[in-house]
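From first to last, the protein sequence lines are chains Y and R.
Just so we're aligned, residue 3 is where the first sequence starts under our numbering, counting upward by one.
Just so we're aligned, residue 3 is where the second sequence starts under our numbering, counting upward by one.
It is worth saying that the hints were derived from the structure and are not from the lab.
Virtual Cβ for every residue (Gly too), placed ideally from N, Cα, C.
Careful, some of the hints might be misleading.
What the hints assert, rightly or not - FRET-style restraints, in silico, Cβ to Cβ:
1. Y:GLN145 to R:THR23: 36 to 46 Å
2. R:ASN277 to Y:GLU189: 42 to 52 Å
3. R:ILE263 to Y:GLU131: 53 to 63 Å
4. Y:SER77 to R:ALA385: 35 to 45 Å
5. Y:ASP140 to R:THR336: 32 to 42 Å
6. R:PHE273 to Y:ASP219: 44 to 54 Å
7. R:MET15 to Y:ARG9: 33 to 43 Å
8. R:PRO328 to Y:GLY136: 37 to 47 Å
9. Y:GLY136 to R:ILE263: 55 to 65 Å
10. Y:ASP175 to R:ALA385: 35 to 45 Å
11. Y:TYR15 to R:THR23: 35 to 45 Å
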Amino acid sequence: MASIQVRDLSKVYQRDSQRIPVLDGLTLDIPDGDFVALMGPSGSGKTTLLNLIGGIDTPTSGQLLVGGTDIARLSGPALAKWRSRNIGYIFQLYNLVPVLTAHQNVELPLLLVKMSGRERRQRARTALEIVGLGDRLDHFPRQLSGGQEQRVAIARAVVSDPELLLADEPTGDLDRASGGEILDLLERLNREFHKTVVMVTHDPHAAERAHRVFQLDKGVLSQ
Amino acid sequence: MALPLSYNVRNVMQRPVSTLTTAVGVGLTIAILIGALSLAAGFRAALVQTGSADNLIVLRKGANSEISSGISRQTAAILRAYGEVATDARSRPLLSPEVVVVNNRRRVGQPGNSNVTVRGIDHEALVLRRGVQVVAGRWFEPGAAEVVVGRRISTRFEGCRLGDRVRFGQRDFTVVGLFSANGATFESEIWGDNEVLMPVFRGEVFQSVTFRMRDPARFDAIRRELESDPRLGVDVQRESEFYAKQSEMLANLIRVLGGFITIIMAVGAIFGAMNTMFAAVGARTREIAMLLVLGFSPLSIMVSFVFESVILSLFGGLVGCLMALPLNRIVTSTTNFSSFSELAFGFRVTPGILLTGLAVAAVMGLVGGFLPALKASRQPLAAALRGA
Numbered sequence: 003m004a005s006i007q008v009r010d011l012s013k014v015y016q017r018d019s020q021r022i023p024v025l026d027g028l029t030l031d032i033p034d035g036d037f038v039a040l041m042g043p044s045g046s047g048k049t050t051l052l053n054l055i056g057g058i059d060t061p062t063s064g065q066l067l068v069g070g071t072d073i074a075r076l077s078g079p080a081l082a083k084w085r086s087r088n089i090g091y092i093f094q095l096y097n098l099v100p101v102l103t104a105h106q107n108v109e110l111p112l113l114l115v116k117m118s119g120r121e122r123r124q125r126a127r128t129a130l131e132i133v134g135l136g137d138r139l140d141h142f143p144r145q146l147s148g149g150q151e152q153r154v155a156i157a158r159a160v161v162s163d164p165e166l167l168l169a170d171e172p173t174g175d176l177d178r179a180s181g182g183e184i185l186d187l188l189e190r191l192n193r194e195f196h197k198t199v200v201m202v203t204h205d206p207h208a209a210e211r212a213h214r215v216f217q218l219d220k221g222v223l224s225q
Numbered sequence: 003m004a005l006p007l008s009y010n011v012r013n014v015m016q017r018p019v020s021t022l023t024t025a026v027g028v029g030l031t032i033a034i035l036i037g038a039l040s041l042a043a044g045f046r047a048a049l050v051q052t053g054s055a056d057n058l059i060v061l062r063k064g065a066n067s068e069i070s071s072g073i074s075r076q077t078a079a080i081l082r083a084y085g086e087v088a089t090d091a092r093s094r095p096l097l098s099p100e101v102v103v104v105n106n107r108r109r110v111g112q113p114g115n116s117n118v119t120v121r122g123i124d125h126e127a128l129v130l131r132r133g134v135q136v137v138a139g140r141w142f143e144p145g146a147a148e149v150v151v152g153r154r155i156s157t158r159f160e161g162c163r164l165g166d167r168v169r170f171g172q173r174d175f176t177v178v179g180l181f182s183a184n185g186a187t188f189e190s191e192i193w194g195d196n197e198v199l200m201p202v203f204r205g206e207v208f209q210s211v212t213f214r215m216r217d218p219a220r221f222d223a224i225r226r227e228l229e230s231d232p233r234l235g236v237d238v239q240r241e242s243e244f245y246a247k248q249s250e251m252l253a254n255l256i257r258v259l260g261g262f263i264t265i266i267m268a269v270g271a272i273f274g275a276m277n278t279m280f281a282a283v284g285a286r287t288r289e290i291a292m293l294l295v296l297g298f299s300p301l302s303i304m305v306s307f308v309f310e311s312v313i314l315s316l317f318g319g320l321v322g323c324l325m326a327l328p329l330n331r332i333v334t335s336t337t338n339f340s341s342f343s344e345l346a347f348g349f350r351v352t353p354g355i356l357l358t359g360l361a362v363a364a365v366m367g368l369v370g371g372f373l374p375a376l377k378a379s380r381q382p383l384a385a386a387l388r389g390a
């Protein structure tokens with residue numbers, strides 16, 4: 003279950019003596035298996051909301067239930083464990099480890115799970131085959147194109163079989179063709195593998211792939 | 003679970019320039035440490051190898067070295083007749099009353115003079131001192147004006163080569179042989195017949211008597227018996243302990259000085275490693291944040307970076323070991339403060355010393371890597387993901 007329930011959620015950053023409100027009393031429901039796009043101008047709080055849903059940041063007030071877990075109440079180590087089991091995160095700049103091969107990058111999340119080395123290698127290979135990179139297992143990130151790097155990042159996000167995928171501008175650094183392939187892949191993961199996808203994007207074409215699009219402006223949400 | 007080892011190893015290899023710079027800094031420190039330890043070990047080994055636990059050395063009561071000792075002919079005769087002295091196949095006691103003097107000689111290839119120990123021995127000394135053997139020429143003949151020279155000093159002092167003539171007092175002696183002694187300090191001495199050398203140096207006493215015990219297990223009883231004999235007035239020690247004790251002061255001094263220099267250099271090298279690791283953490287902010295997002299704990303990130311620093315320093319330690327290895331067996335010399343004469347010995351780079359060097363390198367990596375690793379593990383996730 004990866005349904006997301008956001009109730010009266012606020013986030014305020016404190017810079018020296020200055021209070022910077024980013025999200026202001028947000029309420030939102032994303033059912034299990036949904037594909038949602040978050041849009042809005044820079045500084046509107048899209049990435050902050052994504053980070054809160056992913057347990058990367060903590061809310062100032064309000065309630066945030068992900069899969070029934072009130073993640074605002076989880077402490078550091080528990081939150082890290084929860085993330086490793088429930089969240090697949092896809093970054094705009096891929097964030098692959100440059101000194102590890104595609105296969106080793108994808109294996110990383112599985113190091114946190116009790117699993118034999120053989121099973122780990124097999125699952126990483128399967129994830130890479132799903133994203134169409136079964137023939138690039140031993141390539142290092144520098145030997146891959148941007149689109150291929152992002153596909154490796156998606157394989158890394160899904161290898162531990164989380165129910166929720168969070169994507170922060172996944173096509174933001176790619177040309178239109180490569181971006182299209184990534185969106186195809188996200189759609190397929192949503193449709194065939196029933197992953198709940200929450201995607202931050204500036205690109206209206208990318209947002210069209212989502213079932214629903216939410217607009218954020220100055221911390222306030224509209225659909 | 004920890005990050006894979008390959009992650010750290012490849013990251014170290016990924017930045018060859020900073021890795022090499024840091025490794026050379028750590029390596030120099032470790033090379034100096036190994037140099038000091040191998041110098042002390044070589045000095046100690048030369049002295050320790052000199053003595054045998056089966057032999058016993060007799061000095062005048064209160065004397066702490068041979069040159070400050072004096073044993074009369076009468077005392078030597080009493081000891082020769084002592085029942086605890088081992089005998090050879092022809093029932094001759096394995097005992098050597100010895101004349102020990104220091105002789106000032108001109109060095110070869112270096113300005114100035116230095117002292118050399120000249121030892122007058124009984125022929126039984128050649129049986130007493132296991133491992134002593136002629137490596138060129140022959141032994142001196144009893145009663146003849148002949149000497150043999152330890153192989154380590156034959157080329158370091160004038161008149162000490164095979165066939166040279168060396169003058170003691172008013173008499174010339176011919177160098178008829180060179181000898182080795184398993185690296186013992188005897189290799190830094192000149193040996194001749196004690197009855198010939200004693201009048202040359204105008205002495206009337208021996209400086210020490212060394213004999214092999216019939217039963218070395220009875221050392222304590224022998225010691226009590228000889229030291230309490232009012233006719234003798236002597237102190238008794240195992241030969242091995244006597245020489246080991248001589249090595250303690252200088253070996254400790256070398257170790258302390260070496261350790262002091264190492265600590266000063268290590269501080270610099272630790273800062274070098276720290277700087278490299280801070281740069282590595284700075285360059286990998288997003289990568290570290292990504293690992294934290296995946297669910298790796300801050301502790302595992304910290305351990306990983308400390309480990310990376312240790313790998314870096316161990317590489318430096320290996321460089322240091324390689325720098326120091328050529329020192330092995332290089333012969334150097336110093337003054338033995340117990341005999342005030344020159345003692346030539348070889349550096350001894352032992353596996354134990356190399357391991358000590360590597361262990362110190364690892365500790366340097368641990369210390370140098372701690373703060374950068376702490377920084378890596380504590381960075382705020384959301385800001386780090388933005389690369390802030």
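**Asked** Honestly, do TYR15 (chain Y) and THR23 (chain R) meet the 35 to 45 Å range at C-beta?
**Response** Once the Cβ atoms are compared, 39 Å apart, the range 35 to 45 Å for THR23 (chain R) and TYR15 (chain Y) holds.
**Message:** Does the beta carbon distance between MET15 (chain R) and ARG9 (chain Y) stay inside 33 to 43 Å, or does it fall outside?
**Reply:** Roughly 50 Å apart at Cβ, these two residues miss the hinted range, so it is violated.
**Message:** Against the range 32 to 42 Å, how does the distance between the Cβ atoms of ASP140 (chain Y) and THR336 (chain R) compare: consistent or not?
**Reply:** Hint violated: Cβ distance 58 Å, outside 32 to 42 Å.
**Request:** Given the hint of 36 to 46 Å, check if GLN145 (chain Y) and THR23 (chain R) actually sit that far apart at their C-beta atoms.
**Result:** Given about 28 Å between the Cβ atoms, the range is violated.
**Item:** Outcome for the supplied range 44 to 54 Å, where the beta carbon pair is PHE273 (chain R) and ASP219 (chain Y)
**Value:** holds, 50 Å
**Asked** Between SER77 (chain Y) and ALA385 (chain R), does the beta-carbon spacing fit 35 to 45 Å?
**Response** With Cβ atoms ~20 Å apart, the hint is violated.
**Request:** Evaluate the given range 35 to 45 Å for the C-beta pair formed by ASP175 (chain Y) and ALA385 (chain R).
**Result:** For ALA385 (chain R) against ASP175 (chain Y), whose Cβ atoms are near 20 Å apart, the range 35 to 45 Å is violated.
**Message:** Holds or violated: the 53 to 63 Å window for the beta-carbon distance between ILE263 (chain R) and GLU131 (chain Y)?
**Reply:** Roughly 59 Å apart at Cβ, these two residues keep to the hinted range, so it holds.
**ASN277 (chain R) versus GLU189 (chain Y) beta-carbon gap, inside 42 to 52 Å or not** = Given range 42 to 52 Å: holds, Cβ gap about 48 Å.
**Request:** Could you tell me whether the CB distance from PRO328 (chain R) to GLY136 (chain Y) stays inside 37 to 47 Å?
**Result:** violated, 52 Å
**Request:** Kindly confirm whether 55 to 65 Å is satisfied by the beta carbon distance between GLY136 (chain Y) and ILE263 (chain R).
**Result:** holds, 57 Å
Violation of the numbered hints given earlier is confined to hints 1, 4, 5, 7, 8 and 10; the remaining hints are satisfied by the structure.
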